[in-house]
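Could you slot chain B onto chain D? The hints should help.
Number of protein chains: 2
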Amino acid sequence: MRAVDFIPYYAVIFTSKLADSNGYAKIAAEMEILAKQQEGFISIESARQEVGINVSYWKDVESIQRWKQNFDHLKAQQLGKEKWYESYTVRIAKIEREYSFK
Amino acid sequence: MRAVDFIPYYAVIFTSKLADSNGYAKIAAEMEILAKQQEGFISIESARQEVGINVSYWKDVESIQRWKQNFDHLKAQQLGKEKWYESYTVRIAKIEREYSFK
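Protein chains in written order, with numbering that gives the first Met the number 0: chain D, 0 to 101; chain B, 0 to 101.
Isolated chain D, as found in the complex (with noise of 0.2 Å):
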């Protein structure tokens, strides 16, 4: 689980309710493969049972707000608020402390 031997990096805590989840499992899939290939990703963990919880680990915010921008990932931004969404929060967070146990 540990990505980075830096510490500050970033999250962006992305947390979801669906109004439809048809199709959508699809272009979620292909935006975490797209987003695997951006400058700046480290990493990236998701779970969905009432509320879907999506957090991706980024160097530095500019490359959050570049993968923001990138052209597939703004047309699934759209879709997803004109089809699959009822609601959702994005936080960016700065990671200031981190540990872990196996």
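Hint data in this document are derived by calculation from the structure and do not stem from the laboratory. Treat the hints with caution; some may be incorrect.
Said to hold, decoys possible - No farther apart than 30 Å at their CA atoms in a straight line, the calculated lysine-lysine pairs in the DSBU-like style are these: (1) LYS93/B - LYS67/D; (2) LYS67/D - LYS25/B; (3) LYS80/D - LYS67/B; (4) LYS82/B - LYS58/D; (5) LYS101/D - LYS101/B; (6) LYS101/B - LYS80/D; (7) LYS35/D - LYS16/D; (8) LYS58/D - LYS25/B; (9) LYS16/D - LYS35/B; (10) LYS16/B - LYS35/D; (11) LYS58/B - LYS16/D; (12) LYS93/D - LYS74/B; (13) LYS16/D - LYS101/B; (14) LYS101/B - LYS35/B; (15) LYS93/B - LYS16/D; (16) LYS16/D - LYS16/B; (17) LYS101/D - LYS67/B; (18) LYS101/B - LYS80/B; (19) LYS74/B - LYS74/D; (20) LYS25/B - LYS82/B.
Same frame as chain D, but now just chain B:
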């Protein structure tokens, strides 16, 4: 989903994989009730599929430290390491920016 009217505030991003889930849900639910009673607590969101992601939001790092040292929470943390968790990572993060769609 918007929990507070001020930024920055803090998140504890707790990601975990379970080795044994026997008895876990009960204690996890108890810990969530207890967390909600703590000073500085804002909100909490959880989902588990392959990985469990639990994000709790707090007014400041002091509140997070106090919750980490809470007696019943310490007992649950110990049980978690002995019994339930295959691995986990705790990240303390400062929320610098937030926006929502509804």
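*Hint by hint, which ones does this structure get wrong, listed from lowest number up?*
2, 3, 4, 5, 8, 18 and 19
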